[in-house]
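K.L.:
Residue numbers (the numbering used here), protein chains in the order written: chain Y, 179 to 290; chain S, 799 to 911.
Be aware that a few hints might be false.
In silico lysine-lysine, BS3-like type, Cα no more than 30 Å apart, as pairs [what the hints assert, rightly or not]:
| no. | chain 1 | residue 1 | chain 2 | residue 2 |
| --- | --- | --- | --- | --- |
| 1 | S | K805 | Y | K285 |
| 2 | Y | K247 | Y | K181 |
| 3 | Y | K289 | S | K863 |
| 4 | Y | K282 | S | K863 |
| 5 | Y | K285 | Y | K181 |
| 6 | Y | K247 | Y | K285 |
| 7 | Y | K247 | Y | K282 |
| 8 | S | K863 | S | K805 |
| 9 | S | K863 | Y | K181 |
| 10 | Y | K181 | Y | K282 |
Example chain S residues on the side facing chain Y (calculated, C-beta under 10 Å, incomplete) [unchecked claim]:
| no. | residue |
| --- | --- |
| 11 | I802 |
| 12 | P806 |
| 13 | F831 |
| 14 | L841 |
| 15 | G905 |
| 16 | T909 |
Treat the hints as calculated values from the structure; they're not laboratory data.
Think of the CB as a built atom: it goes at the ideal place given N, C-alpha and C, for glycine as much as any other residue.
Here's the letter readout for the chains.
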Amino acid sequence: DAKTTQPNSMESNEEEPVHLPCNHSTISGTDYIHWYRQLPSQGPEYVIHGLTSNVNNRMASLAIAEDRKSSTLILHRATLRDAAVYYCIRRIYGGSQGNLIFGKGTKLSVKP
Amino acid sequence: SAVISQKPSRDICQRGTSLTIQCQVDSQVTMMFWYRQQPGQSLTLIATANQGSEATYESGFVIDKFPISRPNLTFSTLTVSNMSPEDSSIYLCSVDRTGDEQFFGPGTRLTVL
């Protein structure tokens, strides 16, 4: 079971930080956590990924719980362009060669 | 990164017909994927297409309905055969170049009447 659990929707104000939670309680030791987002009328785009340690890049930060059963995507200053559906994905390597199994995602709304 | 184009960007088709969707990548890649996104839903993986081998289909998808070609390392096609209104979806291709991130095309919006 490659499912993750995310809230259906969240709201944020522009220029404020956003914390998007994800539960992946059945994760195995070799599964990576990937985050993608899908802006309206576009294909998904990669945001960030990690295994055990917290990760930072130019788009966001990823905080992974010590037991790896949950993680949080952090957008440090939300902009209107960040309004999108955010998908938290367990990436299972091996037989499926790293397929992405998308869940329902969290629809983020950003208010000016 | 990878630049991916899809043709057509959208189409309206009659039931019982077939549509072939093209996916072109700006560089050589081993692994290509085809996804379906039904209205208001998340993405569902249809199949993985590696050059030089048969496509691998996910549960619920069969080759007779969604034949895939992968003639070289920069191109793939997905055909939606004998279409019904339930096939109305956005079809997306993606590639994996680095093993870390996938790059997605803009999608093909298909409406079946």
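K.L.:
For every hint, state whether the structure bears it out.
P.N.:
To see whether the hints hold, each was checked on the structure:
1. With a C-alpha separation of about 28 Å, the suggested pairing of K805 (chain S) with K285 (chain Y) holds against the 30 Å cut-off.
2. Between K247 (chain Y) and K181 (chain Y), the direct Cα distance comes to roughly 12 Å. Compliance with the 30 Å bound is thereby established for this hinted pair.
3. Restraint check for K289 (chain Y) and K863 (chain S): the C-alpha separation of about 43 Å exceeds 30 Å, so the hint is violated.
4. Annotation: proposed proximity of K282 (chain Y) to K863 (chain S) holds, straight-line Cα distance about 25 Å (limit 30 Å).
5. In summary, the hint linking K285 (chain Y) to K181 (chain Y) is supported, as the alpha carbons are separated by about 17 Å, within the 30 Å threshold.
6. Our distance criterion of 30 Å between C-alpha atoms is met by K247 (chain Y) and K285 (chain Y), whose separation comes to about 21 Å.
7. About 18 Å separates the Cα atoms of K247 (chain Y) and K282 (chain Y), which keeps this hinted pair within 30 Å; it holds.
8. With a C-alpha separation of about 19 Å, the suggested pair K863 (chain S) and K805 (chain S) falls inside the 30 Å cut-off, and the hint holds.
9. A threshold of 30 Å between alpha carbons decides the hint, and for K863 (chain S) with K181 (chain Y) the separation of about 26 Å falls inside it, so the pair holds.
10. Distance restraint check for K181 (chain Y) and K282 (chain Y): the Cα-Cα separation of roughly 10 Å lies within the 30 Å cut-off, and the hinted pair is therefore satisfied.
11. For I802 (chain S), the shortest C-beta to C-beta distance to chain Y is roughly 8 Å, which falls under 10 Å, so the interface hint holds.
12. The criterion of a C-beta within 10 Å of any C-beta in chain Y is not met by P806 (chain S), whose closest approach is roughly 15 Å, and the hint is violated.
13. Look at F831 (chain S): its Cβ gets to within about 7 Å of chain Y, closer than 10 Å, so that hint holds up.
14. Interface restraint check: L841 (chain S) against chain Y, minimum CB-CB distance 4 Å, threshold 10 Å, status holds.
15. For G905 (chain S), the interface hint holds, the least distance from its beta-carbon to any beta-carbon of chain Y being 5 Å, beneath 10 Å.
16. Violation of the interface hint for T909 (chain S) is found here, the shortest Cβ-Cβ separation to chain Y being roughly 15 Å, above the 10 Å cut-off.
Violated hints, listed in ascending order, are 3, 12, 16; each of the other numbered hints is respected by the structure.
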